[in-house]
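Participant: With chain A fixed as given, assemble chains B and C onto it according to the hints.
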Amino acid sequence: MTRKGRRLAMIGAVAVVLGIAASLVLFAMRDSIVFFYGPTELAQKNIAPGTRLRIGGLVETGSVVKSADQNVSFAVSDGNQTVKVAYRGQLPDLFREGQGVVAEGVLIAPGQFKADSVLAKHDENYMPKEVADTLKKQGHWQEGQKSETKK
Amino acid sequence: MVLWFSLAILTGLAVLALLWPLSRTRVAADEADDSVFYTQELADIERDAERGLIGPAEAEAARAEAARRLIASRRRQGGEGETSASPNRARWAALAVLIAIPAIALPLYLRIASPDLPDQPLASRETAPEGVQDAVAQIERHLAKNPNDGRGYEVVAPVYMEMGRFDDAVRALSEAARLLGPSASRFSALGQARVAQSGGVVTAEARADFERALSLDANDLRARYFIAMAAEQDGNNAKALDAYRTLAAQIDPSSPIGQAVAAKIAELLPKSEAGSVVAALPKDDQTKMIRAMVAGLAQKLESNPADADGWMRLIRSYVVLGEPSQAEAALTKARAAFATNADVLRRINDEARNLKLGAAP
Amino acid sequence: MIVELGHYALVLALAVSLIGTALPLWGVKTNDAALMRMAPSASLVLFGLVALSYAALTKAYLDSDFSVLNVIENSHSAKPLMYRISGVWSNHEGSMLLWVLILALFSGLLAWFGRGMPQRLFAAVLAVQSSITAAFVLFLLVASNPFTRVAPAPMEGRGLNPLLQDPGLAIHPPLLYVGYVGCSVAFSFAIGALITGRIDAAWARFVRPWTLVAWCFLTLGIAMGSYWAYYELGWGGWWFWDPVENASLMPWLVATALIHSTVVMEKRDALKVWTILLSILTFSLSLVGTFLVRSGVLTSVHAFAVDPERGLFILGILILFIGGSLTLFAWRAPLLKQGGIFAPVSREGALVLNNLFLAAATAAVFIGTLYPLALEALTGAKISVGAPFFDATFLPLMLPLAFILPFGQALAWKRGDLLGVSQRLATALGLSILITIIIYAATWGGPVLAPLGIGLGFWLIFGSIADIGLRAKGHGVALSVALRRAVGLPLSIWGSTLAHMGVGVSMIGVACTAWGVEKIVEMKPGETVQVGRFDVKLEGAGLRNGPDYRENFARFIVIDGGRVVGALEPGKRIFTGRTMPTSEAALLTRGLGQVYASVGDVNPQGQIAARLYWKPWVLFIWIGAVIMALGGFLSVLDRRARIAAAVKARLPRAVPAE
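Residue numbers (the numbering used here), protein chains in the order written: chain A, 1 to 151; chain B, 1001 to 1361; chain C, 2001 to 2658.
Fair warning: there could be bad hints in the mix.
What the hints assert, rightly or not - Here are the simulated lysine-lysine pairs, DSSO-like style, with alpha carbons at most 27 Å apart:
no., chain 1, residue 1, chain 2, residue 2
1, C, Lys2473, C, Lys2414
2, B, Lys1356, B, Lys1300
3, C, Lys2524, C, Lys2572
4, C, Lys2519, A, Lys84
5, B, Lys1145, C, Lys2572
6, C, Lys2029, C, Lys2267
7, A, Lys4, C, Lys2337
8, C, Lys2519, C, Lys2537
9, C, Lys2267, C, Lys2414
10, C, Lys2267, C, Lys2382
11, C, Lys2572, C, Lys2537
12, C, Lys2414, A, Lys4
13, A, Lys84, C, Lys2382
14, A, Lys84, A, Lys66
15, C, Lys2519, C, Lys2572
16, A, Lys66, C, Lys2572
17, A, Lys114, A, Lys66
18, A, Lys66, C, Lys2337
19, C, Lys2382, A, Lys45
20, C, Lys2524, A, Lys66
21, B, Lys1333, B, Lys1300
22, C, Lys2382, A, Lys114
23, A, Lys4, C, Lys2267
24, A, Lys4, A, Lys45
25, A, Lys114, A, Lys45
26, C, Lys2537, C, Lys2524
27, C, Lys2267, C, Lys2473
28, C, Lys2337, C, Lys2414
29, C, Lys2519, A, Lys66
30, B, Lys1333, B, Lys1356
31, C, Lys2519, A, Lys114
32, A, Lys114, A, Lys84
Keep in mind that the hints were calculated from the coordinates and are not lab data.
Just chain A, same shape as in the assembly (with noise of 0.2 Å):
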C-alpha cells in the first residue's frame, strides 16, 4: 500500500469509528433522554400522560398511604400545585414525609404519576457537603435545591 492509500485508510478507520459514535449518541439523546420537572412545570406544559418523567419535590405531609403488597401512594407538592404518585417496592431510608423526593416513572393522567423508582432526597442542613457524592450513589440526589421546588 502506498504512503497516501495508508493515510487515507487511516483517515477512513477515524471517520467511521467517530460517526457511527456520534450517530450511537444523536440516536439516544433523541430516545433516553428524561426532563424532570416540579409539580407546578408539569401542570403547565401539559405533557402527553404516557411520557417518561422525572419529577421532584416535597412529600406532602399525612399523604403517604401504604397499602398491601408494598403499594404505596403519596402526593408530591411544591407548595403550589401537587402530583400523586403510584408506587410499588421498597422505599428509600431516607423517604420522609416533609422531605424531598425524586420519583421517575410515567405520567398516567394529569396530576397522576406512577413511578417505578423513588429517591429521598436531602435536606442540605441534615447531610454534611462532603458525602454528598456517595450519597448521590445511593440515588438521593440534590436535583435543584430544595428552595427552588419550594419557591
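Facilitator: Same frame as chain A, now just chains B and C:
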C-alpha cells in the same frame, strides 16, 4: 516555645535539603541519556533471538531499527550541547531559597493557624467528674446488653444533656418514649434535647414532640415554653409574647423556667411593639427602619459589650439583612468581648456555626 | 503541638513546591545542571513534609482531638480504630490531604527511581509535579483547611457518616486516588516533553510503568467502588451510570487507550502527538473526576453556589491545568518530530483502532455526563441521562472493540497478515461460537444479547490463550520446549494476555446478570419465597446493638434442593451520633453467584418488606477486574519496564537529597 523551636528546625532542614544540590557546582558525570535505552534494547533483541523467541529475519529487522534510533539519539544529544553550571545562577537560586521559603511559610502560617492552641487529645482532657463518666459507661454497657430497658434510657438521658452529648440524649429519649410509652414529660424532654442538638433552634421535629406532649398534657410547662420559642423563632413576636405572658402568669417567677420566661418577655417587649410599628410601614421604609434599629443595637453594644444575647441578636440580624461581612465583624467583636468566658464563647461559636459564619479562631 | 506542626509542614510544603517548580524550570531553560538537580531534592522534601502533615492529622483522629474542626465533624470517640484512621479521608478536607499525599508520594518515587532519565526531561517532569502539588496545597490551606482549630473544644464529635463506616468504602477512596493521582505522572511527562521539545521511544518506555501502575489502581478502585455500591446500597445493581461512577470511568478509558498508544510509540516511534494528548486528557479527566464530583457540580449547577469559594478555586485549578496544558499542547505539539504512517493491517493499526473506540466511548460517556449540566446552565431545563443512554452508546462501541482485540493481539508489527492470523485463531473463534450456540439452545426464549456477550467473553479468553500458545510454540517444536519458551516469554506479554482475559471474564459476569432473579416481596416470619433455584425462608426479625449502632435485622435461611445452605441477616442500622438509617444488605455466595437480600420497613400487618435476588456468576464481574489489574502489575514487573533503574545501577551513584 517547643513548637517554635520545632518549626524553625523543620524550616532549616527543608532549606538545607534544597540548597544541597546547589553546593555541588561541578558538572557531575551522572549525565544519563537515552542512548542507554537503545543499547539495552539491542541486548534484549539478542537475548530473545538466542532463545528463539523471534525469528532471525525479525531479529535482524528489529536490530536495524534499534541501531538506527540509537544513532539518531546520539546525534540529537550532540546537538543539544553540554549542560552548563553558572556559579552566579546558583548563588541567586540559593538566595531565592533562603528568602522565599521563610517569607512564604511564616506569614501564611501566622495568618491561618492557631500556634498557641495546644493539642487536646480526649484522653488527657478534664471531662465530667470521673464518677459520672463511670456511671454513664456502666449504664451504656447495661443498655448494650438489654436494649429494651426503657428506664435505663430515661435515667441516662439527663446526664447526656448535662454532658453536652445531645445526639445521644435524643436517641436515649426516643428509645425511652418508644419502650415506656408516651408521656408528656418524655416528649417535651425529647423535644428539648432536639432543640439543644440543633443549637437552640426549634426544628419541625422538635415542635412535633412538643405538640405531642401538649396533646397529652396541655399544661406541660416545658413544652409550652418551647412552643412559644418556636413562634419567636418564626418571627411571630406578638404570638410568642402572648404565650410567654400566659405562661408567666401560671408559674412561680423565681423558678428557673419562670426566670427564663421573664427574661424572654423583657427581651421581646420592645421588639414586638417596634415590630408591629415596623410591619405597618411600606417595604422600603421597613428595611430602612430595621437597619436603623440594627445600627442602634450595634452602637449600644459598642458602649456595653457585655451583653451576650445582644451580640447574638446583632449577628443574626446582619445575616438576615444579607450582610455577611458585617456579621463576621460583629462575630469577631463578640468573641473578643467574651474571650475569657468559655461558656458564652461556646454559645457564640455554636451560633456562628448555625449561621454558617467563619470558623472559630 | 503536633497538630500545629502538621499545619506548618503543610504551609512549608507550599513554599517548597513553589521553589521546586520555579528553579528547576529555570534550570531547564538555561540548561543549568545544578538548578535541575534541585528538582529531585525538592520532590523528596515535599513528600516528607506532606507525610508529616498527614501523620499529624491522623494522630488528631486517633486521639479524638476535638480541638480540630475536621475531627469534630467526622469522628466520634466511640469509633472503632479502623474507622478513626479511615475517618481522615472520609471527608472533603482530609481526602484532599490524602490526594496531595499520594501526589507527593508519586513525585518522590519518580525522584528516586527516575534518576536514569535524561536530565532535562527529569527536571521538567518533577517541576510540573511540584506545580500541581503547589496548586492543591494552596487549595487545602485557603479553601479546605483540615487543620482549622476550635476553641473551646467540644467534648464529643459528630461521628462518621454511617454509609462510610464500611471496610469496602474505607479502602475504596485511597485505591481510586492512587489511580487518579498516578495519572499526574503521565501528564507531567507530557508537559515535560512539550517543554523540552523532545519525545521519542525512550520517553514512552519511561512513562509506561507509571501509567500502568495508575491504571491498575484505577481498575481496582473502580471495581471496589462498584462492589461497595452493590452490597451496601441494597439495590442489587453493580453499576448505575451516575455521574460519580462516570467520572471514574472516563479517566480509566483514556488511561487504557494511553497504555496501548505508548506501546505503539515505544515500538514504532509513532502516534507521538496523540499520546501526548491522551496523557493530558487522562489527568484532566482525573481532575474532573475528583473535583467536579467533590464540588457537587456534576449533580446540579446549583450545588456550585453552596460553597462558591471552594467551587471557584476548583474551577480555577481546572482551568489552569487543563486549559494551560491544552494551550501548551496546541503551541508546542506541531514542533515535535512526527512519526511515520503505517499499514492499517498491523499490530499498530489494530492499536489505533483500539484507541479510536476507547476515545469514542469516552466521548459518549462525557457527553452523557455533562450534557444535562450544560443544558441546565443554558436553558434551565432539567433532564436526566440514565442507563438507557449509556447502554445505547457505550456498549455498541465496546463490543466491536472486544471482537477485534484477539486479532490485534495476534497481528505482527509493521505488516500484518490478517488471513494468517484468522487461521491461527480459528480454533478459538470456533470454540467461542460453539459455546454461544450451546447457550442459545439451552436458554431458548431467554435473554437475546446475553449469550452473545458470554461468547464474546470466551473469545477474549481463548484468543489470549491461543496467542500465548502460538508465541511459545513457534514452528512445531516439542511440548517441553514450548513450555520453557512460554515461561521465558517477557512478563509484559503475560501481563497483557492476562489483562485481556480479565476483560473477557468481566464480560461474562456482566452478561450473566441477564439471568438474575429479583423478587420484591412482603413476608411474615415463617413464609418462604422461591428465588431462582433457592427457597428463601424468613425465620424472624429482631433488634441488636453493634459497637456504635443499633440494627433492626431480619434473618432468612436459604434452602437449596431441600438442604439449608446458609443464612442471611440484612438489616437497617442507626448509628450513634447520626439520625439517618442505612440499609445493610446481606450476601450468601454460592459458587460464583450470590443470593442477595435487603430489607425495608415492617408494615402494619407485621410483614417485612424485602428484596431478594439471585445473581448467578456475578462475582465474575469483579474477579475479571482483579485479573486485569494483576495483568497490569505483571507488566510493570517486566525487566524492560525497569530500564531507568537498570541504567542507574550502571552509573555513578547520584546523590540522594536527604
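Participant: With reference to the structure, classify each hint as holding or not holding.
Facilitator: Hints and how they fare:
About 22 Å separates the Cα atoms of Lys2473 (chain C) and Lys2414 (chain C), which keeps this hinted pair within 27 Å; it holds. Distance restraint check for Lys1356 (chain B) and Lys1300 (chain B): the Cα-Cα separation of roughly 25 Å lies within the 27 Å cut-off, and the hinted pair is therefore satisfied. At most 27 Å may separate the alpha-carbon atoms for a hinted pair to count; Lys2524 (chain C) and Lys2572 (chain C) meet this at roughly 17 Å. Under the criterion of a C-alpha separation no larger than 27 Å, the hint pairing Lys2519 (chain C) with Lys84 (chain A) is consistent with the structure, at around 26 Å.
Only pairs whose Cα atoms come within 27 Å are accepted, and Lys1145 (chain B) paired with Lys2572 (chain C) is accepted, the gap being roughly 19 Å. In summary, the hint linking Lys2029 (chain C) to Lys2267 (chain C) is not supported, as the alpha carbons are separated by about 30 Å, beyond the 27 Å threshold. Annotation: proposed proximity of Lys4 (chain A) to Lys2337 (chain C) holds, straight-line Cα distance about 19 Å (limit 27 Å). At roughly 13 Å between alpha-carbon atoms, Lys2519 (chain C) and Lys2537 (chain C) fall within 27 Å of each other, so this suggested pair holds.
Our distance criterion of 27 Å between C-alpha atoms is met by Lys2267 (chain C) and Lys2414 (chain C), whose separation comes to about 10 Å. Between Lys2267 (chain C) and Lys2382 (chain C), the direct Cα distance comes to roughly 48 Å. Violation of the 27 Å bound is thereby established for this hinted pair. At roughly 19 Å between alpha-carbon atoms, Lys2572 (chain C) and Lys2537 (chain C) fall within 27 Å of each other, so this suggested pair holds. Distance restraint check for Lys2414 (chain C) and Lys4 (chain A): the Cα-Cα separation of roughly 16 Å lies within the 27 Å cut-off, and the hinted pair is therefore satisfied.
With a C-alpha separation of about 21 Å, the suggested pairing of Lys84 (chain A) with Lys2382 (chain C) holds against the 27 Å cut-off. Taken as a hint, the Lys84 (chain A) and Lys66 (chain A) pair is honoured in the structure, with Cα atoms around 14 Å apart against an allowance of 27 Å. With a CA separation close to 19 Å, the supplied pair Lys2519 (chain C) and Lys2572 (chain C) stays within the 27 Å bound. Distance check on the hinted pair: Lys66 (chain A) and Lys2572 (chain C) sit about 19 Å apart at the alpha-carbon level, within 27 Å; holds.
In summary, the hint linking Lys114 (chain A) to Lys66 (chain A) is supported, as the alpha carbons are separated by about 15 Å, within the 27 Å threshold. In summary, the hint linking Lys66 (chain A) to Lys2337 (chain C) is not supported, as the alpha carbons are separated by about 70 Å, beyond the 27 Å threshold. Distance restraint check for Lys2382 (chain C) and Lys45 (chain A): the Cα-Cα separation of roughly 14 Å lies within the 27 Å cut-off, and the hinted pair is therefore satisfied. With a C-alpha separation of about 17 Å, the suggested pair Lys2524 (chain C) and Lys66 (chain A) falls inside the 27 Å cut-off, and the hint holds.
A distance of roughly 13 Å separates the Cα atoms of Lys1333 (chain B) and Lys1300 (chain B); the hinted pair therefore holds under the 27 Å criterion. Under the criterion of a C-alpha separation no larger than 27 Å, the hint pairing Lys2382 (chain C) with Lys114 (chain A) is consistent with the structure, at around 20 Å. A C-alpha spacing of about 22 Å is found between Lys4 (chain A) and Lys2267 (chain C), which places the hinted pair at or below 27 Å, so the restraint holds. Pair hint Lys4 (chain A) plus Lys45 (chain A) does not hold up; C-alpha atoms about 56 Å apart against a cutoff of 27 Å.
Only pairs whose Cα atoms come within 27 Å are accepted, and Lys114 (chain A) paired with Lys45 (chain A) is accepted, the gap being roughly 18 Å. Of the pairs offered as hints, the one joining Lys2537 (chain C) and Lys2524 (chain C) holds, with about 9 Å between alpha carbons and a cut-off of 27 Å not exceeded. For the hint pairing Lys2267 (chain C) with Lys2473 (chain C), the CA-to-CA distance comes to about 23 Å; that is within 27 Å, so the pair holds. Between Lys2337 (chain C) and Lys2414 (chain C) the CA atoms are separated by roughly 20 Å; this keeps the pair inside 27 Å, and the hint holds.
The hinted pair formed by Lys2519 (chain C) and Lys66 (chain A) meets the criterion: a straight-line CA distance of about 19 Å does not exceed 27 Å. The hinted pair formed by Lys1333 (chain B) and Lys1356 (chain B) meets the criterion: a straight-line CA distance of about 17 Å does not exceed 27 Å. Pair hint Lys2519 (chain C) plus Lys114 (chain A) holds up; C-alpha atoms about 20 Å apart against a cutoff of 27 Å. Taking the CA atoms of Lys114 (chain A) and Lys84 (chain A), the gap is near 8 Å; set against the 27 Å cutoff, the hint holds.
Hint compliance for this structure: hints 6, 10, 18, 24 are broken, all remaining hints hold.
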